[in-house]
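J.: Heads up: the protein sequence lines correspond to chains W and P, in order.
Number 105 in my numbering belongs to position 105 of the first sequence; there are no gaps in the numbering.
Number 584 in my numbering belongs to position 584 of the second sequence; there are no gaps in the numbering.
There could be a bad hint or two in this list.
[As the list claims (entries may be wrong)] Straight-line C-alpha distance at most 27 Å; calculated BS3-like pairs for lysine-lysine:
id	chain 1	residue 1	chain 2	residue 2
1	P	K216	W	K150
2	W	K102	P	K63
3	W	K151	P	K216
4	P	K140	W	K102
5	W	K150	P	K133
6	P	K304	P	K243
7	P	K86	P	K63
8	P	K140	P	K90
Since the hints were made in silico from the structure, they are not lab data.
Because the structure is a prediction, the values reported are computed rather than measured.
As a plain string of letters, each chain reads:
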Amino acid sequence: MAIKTAPRPNLRWTDYLYLPSILKGLKITFSYFAKTLLRKNLYTMEFPEQKWMFPKRYRGYPMLVQGDNGVENCVACKLCEVVCPPSAITIRIGHYNNPEVKERIPAEFIIDMGRCIVCGMCEEACPCEAIVMSNAHVMSSGSRSGLIFKKTLLLDDYHQIPTMRD
Amino acid sequence: MTTPNLVKMKVNGQEVMLPEGKNLLQALMEDIKTEIPHFCYHPGIGPEGSCRLCLVEVTGQPKMATSCTMTVKEGLDIQTQSEVAKDARKHVLEFFLLNHPLDCPFCDKGGECPLQNYTIDAHQTESRFDFAKEQKDKHKIIGDHIILDKERCVLCNRCVRFGSDFIGKEELTIRNRGSHNEIDVPDNQPLTSGFTGNYADFCPVGALTTLEYRFKARPWEMRTVDTVCGGCSVGCNMQAWRKEKTGEVLRLTPRVNHDVNQWWLCDKGRFSIHDLPAEGDRLIEPVDKRVATDVFEKLFETIKSAKAPAFVLDQSATNEEIYITKKLANYSNATVYAPFSSRLLAFRSLLPSTSLTFGQSFDQAQSIAVLGEKLESDHPVLSLRLRRAFHQSQKSIFSYHEGENEFSDIQSVFQKISAKDYFEKKPNVDSSTLFLLSYKWVETTPHETLVSWVKSLPESSQVVLLVNGSNEVGMMDQATNMAPMDEMYQAIKNQKHDVVVLLGDMPQELALLDLSHVSTLVQTVYMASAAHPQALILLPRAFFTEKTGTFTNTFGLVQRLRRAQRVFDRKYETFEWMKAMLENFGHHEEDVTNVLGILSQEVKSYPKTLQAIVESTVTYDHYERTQWR
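Please take these sequences and the hints and turn them into a complete structure.
T.: Take a look at the structure:
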């Protein structure tokens, strides 16, 4: 293949100074700075106090669903546990006290959010629509153990954030 | 055993050789590995032809035929995978799914369920049934171990036939008609036979499941370990299901061995694992009531300095434990006592050696005579085999003992008779008889009587001695340099031993004796609270699912135990601390390293004594793990 040499641009001495380009860039920066100072067209937000609005189908961290009868939908079939790629889910099977309503519930349902990769495979595997991806996207804690979420916390809509359509 | 006559027939257009007279479904599954769905057929229970799921196309026949009710014959031409056959099976399956609840996520069978597998194989993903499903009783506890879910039942009739053919009583029946058809216990009588766990094994769906395993785990969380039951001397082959995450054994299921337990297990053996104390209560570290640390060092000093130490084995000692105990006793001038009876040992030498396995000699015999015990209470699994032999191959059954007649439901000869009377009268039996002689009668009968009885038997008859302990035959095989238990009681009374090491159960007779002269009593126990008050050193004890080694069963079969779980540290196991102690005594010979080698190696690495035993007996784990359950 033939080698094609690109022609170098013909630069003047002012171009070699670089100063006009720098000033041109700074003009944009300072114009935005002035706009922010005057509270026009904000481009950042005060994050922990203010939250970003996500579309409803946004895939965040998983949560458990409570059924109409007040019991969680989960029957501890352990399919999410086996399908979970980083093994973030741990389930211990338990008996529900009223077998007429439901025979089997998870006695323990733990998701290690530090391991969760938010892939959504648990939601896909679930035969009972018991685990769904919420739109929670912020997980932070001072310790690793703080990221281990137990059943009560997963059932709670602690991390439900108002969505755009709400 | 006669070798089956192979005949030529066509399967899916290909010519194959199959054994003549064999059940066609089983021949297809076993000999040419063709998967054919089936519910009502079970190799142990037999065919019925009611589920219609094993339909195959037969050339020359206008209609489909159930392969489970056909036998292999010359010139048969069948199609198992043709469109017609597949379509027929798919539509039969659709009918099974009409009223079957969608319980799979929380059904104990889910993950190992034939119905689930067949449904997925047939791509039967959608239901065309628009009506409400039949509602039935979903959780009815029908016995100590079994829970019934009527909705899940596919009415394969296996449980009903198992009851009538093997237990002698239809413990479960089918009642009502049409879609109200359901399985139930008659008159709400709970299941009482000692074989209820088998229902959960062969039930093809989750209709009958065990309470012990209910909601414990899912099949894919567990790994199976092939081991042998230590409950009685039959040594049923079983699989221990260990949950990988927690390392605990959740259930025991049978492993097919036609010479031992066939497809079955008794409840006593199967649920024995649940009778163990909870893991938190178990003794997992050695305890010395005098010193806090270095228990084994102290024990070594005690044994070394003792004048007359004694090792007392119990029935659950493996061949390897016996071997190493004897070695250790050699160094410490100790006496080894083992629970075998010298009368049984003497009687066993009378019996002619046979090259037949138990299954073969059972099949050859025209009639079976049980002498001296109720099989159901002492060797339960054998009673299933006897009743089945009557129903299937019309063998005559005789039983002579002092208890109740257990075969009253079938045409059998029973006589309430004592050992003395029996050997005096010698009731007539067929020439080709298999005698199952209980240890109870041998122990209570003078040796001369037994000698004359064995001599009086016709040549074609065979005698199988049924011993008591799970490895009693292994002890008899290694009986040199070991003393039976009776001698121990005498020695304790004579205050002979100053150090006694109990490796296993404390014999009841010993607990009653005065042990105050024993300076150090060492005991292996499951729970510290169960120890003898005078025991100074307590060592943790392993259950048979926690052991590695071999057991020799009452038919002389050397079978391997594999460790399924580990409750306490490896160095506290009897075999391991004995090995360490032997090294302290200065024993560095090859045989001991070989004894250690048996954990991973095959029969050839056995020490010579054991190798001889293994070679003289018939088989060693030669049955493949099969999928029949």
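J.: Does each hint fit the structure? Answer for all of them.
T.: Hint by hint, here is what the structure shows:
1. P:K216 / W:K150: holds (20 Å)
2. W:K102 / P:K63: This hinted pair is violated, its Cα atoms lying about 45 Å apart.
3. W:K151 / P:K216: holds (19 Å)
4. P:K140 / W:K102: Holds: P:K140 and W:K102 sit about 15 Å apart, inside 27 Å.
5. W:K150 / P:K133: violated (36 Å)
6. P:K304 / P:K243: The hint is violated at about 42 Å.
7. P:K86 / P:K63: holds (14 Å)
8. P:K140 / P:K90: violated (31 Å)
Comparing the model with each earlier hint shows violations of hints 2, 5, 6, 8; every other hint is respected.
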